[in-house]
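K.L.:
The primary structure of each chain is shown beneath.
2 protein chains.
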Amino acid sequence: MFYKSMLQMKKMLGQFDSWFDLAESHAKGRGFDSNLYLGFRLAPDQFAFARQVQTACDTAKLSASRLTGKEAPAHPDTEKTLDELRSRVRSVIGFLDGFAAKDFDGAATRSITQPRWEGKVMTGEDYFLEHAQPNFYFHVAHCYAILRHNGVPVGKRDYLGALTQRLP
Amino acid sequence: MFYKSMLQMKKMLGQFDSWFDLAESHAKGRGFDSNLYLGFRLAPDQFAFARQVQTACDTAKLSASRLTGKEAPAHPDTEKTLDELRSRVRSVIGFLDGFAAKDFDGAATRSITQPRWEGKVMTGEDYFLEHAQPNFYFHVAHCYAILRHNGVPVGKRDYLGALTQRLP
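Each protein sequence line maps, in turn, to chains B and Z. Counting in our numbering, the first sequence runs from 1192 upward without gaps. Counting in our numbering, the second sequence runs from 1192 upward without gaps.
Keep in mind that the hints were calculated from the coordinates and are not lab data. Take the hints with a grain of salt, since some may be wrong.
Since the list gives no way to pick one copy over another, a pair counts as held whenever it fits inside one copy or between any two copies.
Below are the DSSO-like pairs computed for lysine-lysine, each with C-alpha atoms no more than 27 angstroms apart in a straight line [stated by the list, open to error]:
| # | residue 1 | residue 2 |
| --- | --- | --- |
| 1 | LYS1311 | LYS1202 |
| 2 | LYS1202 | LYS1261 |
| 3 | LYS1201 | LYS1293 |
| 4 | LYS1347 | LYS1202 |
| 5 | LYS1271 | LYS1201 |
Generate the whole structure from the sequences, applying the supplied hints.
P.N.:
Here's what the structure looks like:
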């Protein structure tokens, strides 16, 4: 289920493009620079939109990397425009495109750590369920919320994307 | 992994208590009724805080129910106070306490539907990954964001809760 969960993260990142389109169209209609969105935030001491997008990207990228041992590409967090954020998202989607289900063999029991954990470790499964997934969705939902709070007409369909449904 | 993912949803709902405490303490310090939080929202046409909490609860409750065939308790969405929301959350946690790993045997291939899907179905696995989990975290993160936007000093530790870490 790690591989499928990673594909789901990739799908969510793929939704960002339509959110950025809606932000640009809203900004154009109201006559302001759409790149202003990068600095918008919900609280003075919370990450602004650009950092929320970067962190969502990093959480997807680094969780796939940590669970498989594949090195992730570096991204220096220098984006100043929606177009540069688009490129960042595309780059991470490209990285995730390179995985196959078998890359996640043994991921559940891998020992995962991070610099800020002061030497402590988590199993891959605990890390993914308790840390990576909640953090990923936290930042994705905050991206959505910042846009929505600032007038962009994103809706639940833009959030979830197309569902794998069929007639019974 | 369905059972463990359900336990993770239960854990997230368990974090709400401390968020409500922080909201009450913030409201007391600023001299306003903490139950006002139930009506706060990030956009005029988005769910208010109470509805975000109710929907997070329902998504956890209904996904466990749909994946296992166990009937979920009804909740009529009548909460008017933080204490009533606490009871709602506790009730759902109590429901989730009643599950064991074996209840989720066969969940991945179960056929899941909802009234608004116009007769279409999803497999349990697709439903959980593409619909239940993203929706659950969407509403949990919006609960957090509404509080944070309105001055409540919730932080990432309040969001994630304790992590299953150990020394290697």
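K.L.:
Are the hints correct? Go through all of them and say.
P.N.:
Hint check:
| no. | hint | result |
| --- | --- | --- |
| 1 | LYS1311 <-> LYS1202 | between (31 angstroms within a copy, 21 angstroms between copies) |
| 2 | LYS1202 <-> LYS1261 | within (20 angstroms within a copy, 30 angstroms between copies) |
| 3 | LYS1201 <-> LYS1293 | within (17 angstroms within a copy, 30 angstroms between copies) |
| 4 | LYS1347 <-> LYS1202 | both (14 angstroms within a copy, 24 angstroms between copies) |
| 5 | LYS1271 <-> LYS1201 | within (23 angstroms within a copy, 38 angstroms between copies) |
This entry satisfies every hint, going by the numbered hints stated previously.
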